[in-house]
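Student: Now for the letters of each chain:
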Amino acid sequence: MDAEVLGLSHRILIIDDEDDIREVAALSLESVAGWEVATANSGAQGVTRAAEFKPEAILLDVMMPGMDGPTTFRALRSNPATSHIPVLLLTAKVQSNDQRRFADLGVEAVLFKPFDPMTLSTQIAEVLGWK
Amino acid sequence: MKERMDPIAQPAMAQAIEAMWVKFLPLMEERLAILEAAETALSSGLLTIEQRVAANTAAHKLAGVLGTFGLTKGTILAREVEILYSAEPELDPAAAREIKKITAQLREMIDCRKAASHNDCV
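Order-wise, the sequence lines are chains L and Y.
In case it helps, our numbering puts the first sequence at residues 15 to 145.
In case it helps, our numbering puts the second sequence at residues 2 to 123.
Warning: the hint list may mix true and false statements.
[As the list claims (entries may be wrong)] The calculated label-pair distances, taken between Cβ atoms and stated as ranges, are:
{"#": "1", "chain 1": "L", "residue 1": "100", "chain 2": "Y", "residue 2": "38", "range": "39 to 47 Å"}
{"#": "2", "chain 1": "L", "residue 1": "111", "chain 2": "Y", "residue 2": "58", "range": "14 to 22 Å"}
{"#": "3", "chain 1": "L", "residue 1": "114", "chain 2": "Y", "residue 2": "98", "range": "31 to 39 Å"}
{"#": "4", "chain 1": "L", "residue 1": "126", "chain 2": "Y", "residue 2": "20", "range": "18 to 26 Å"}
{"#": "5", "chain 1": "Y", "residue 1": "23", "chain 2": "L", "residue 2": "82", "range": "25 to 33 Å"}
{"#": "6", "chain 1": "L", "residue 1": "113", "chain 2": "Y", "residue 2": "105", "range": "28 to 36 Å"}
{"#": "7", "chain 1": "Y", "residue 1": "11", "chain 2": "L", "residue 2": "65", "range": "30 to 38 Å"}
{"#": "8", "chain 1": "Y", "residue 1": "20", "chain 2": "L", "residue 2": "122", "range": "26 to 34 Å"}
{"#": "9", "chain 1": "Y", "residue 1": "53", "chain 2": "L", "residue 2": "132", "range": "33 to 41 Å"}
{"#": "10", "chain 1": "L", "residue 1": "132", "chain 2": "Y", "residue 2": "106", "range": "20 to 28 Å"}
{"#": "11", "chain 1": "Y", "residue 1": "53", "chain 2": "L", "residue 2": "119", "range": "25 to 33 Å"}
{"#": "12", "chain 1": "L", "residue 1": "115", "chain 2": "Y", "residue 2": "49", "range": "27 to 35 Å"}
[To be verified] Chain L regions said to be covered by chain Y (calculated; three or more residues, Cβ under 8 Å):
{"#": "13", "region": "27–35"}
{"#": "14", "region": "57–68"}
{"#": "15", "region": "124–132"}
Hints are computed from structural coordinates only; laboratory data are not their basis.
Glycine residues also receive a C-beta, built at the ideal position from the N, C-alpha and C atoms.
Let the sequences and hints guide you as you build the complete structure.
Tutor: If you want it as structure tokens, here you go:
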């Protein structure tokens, strides 16, 4: 029986270097959806945290110092422990060439900042087929 | 797998988001100060590459978050500044005037939001 039928929580990892975005997103997913949330403030920390926490999905910022979103995504994909986890990019870039570049990476979806804290979990759930 | 927590009511969530706004207001102010310093330097013809890059980044970050705190127009303004700072190659006088105007609007909006609910500042 799956989590949806049991009414259980989902596990999600947020990787974002911006404290405000990371904390509001975590608050939103925990409080509105009741999901279990882990966070990481860099791509490198996110790769490690993903292997430990084993989330069902990862919300990944694009623009981060050091390992940016695309580099972090490739690192996650190259690790057998995390290669299967769906990744949703979170970006404030709205230009169409950026959007094409991100879509070509092979991520599950690209979500845009600013997000609405009341509906972020719904957006994620729709993309991932969680009801 | 952990059991689902009880979702909190919308007013409680709004209150929690408001607390986040207060917590991160210094960060918003910091980003705005970078934009204001860059604008002052630009007006004086003294804008360095480093300042321009920092202003571009600060505008990008504001664009990404202001709407989350209810300041949708703030996101639009910050995005306009980001586009202006990232335009190639030189910022002409018209762009400088636009940056000055938008930076002032962002200051006004954030100052308003400090003193009132976001519904009064859009």
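Student: Need the list of violated hint numbers for this structure, in ascending order.
Tutor: 14
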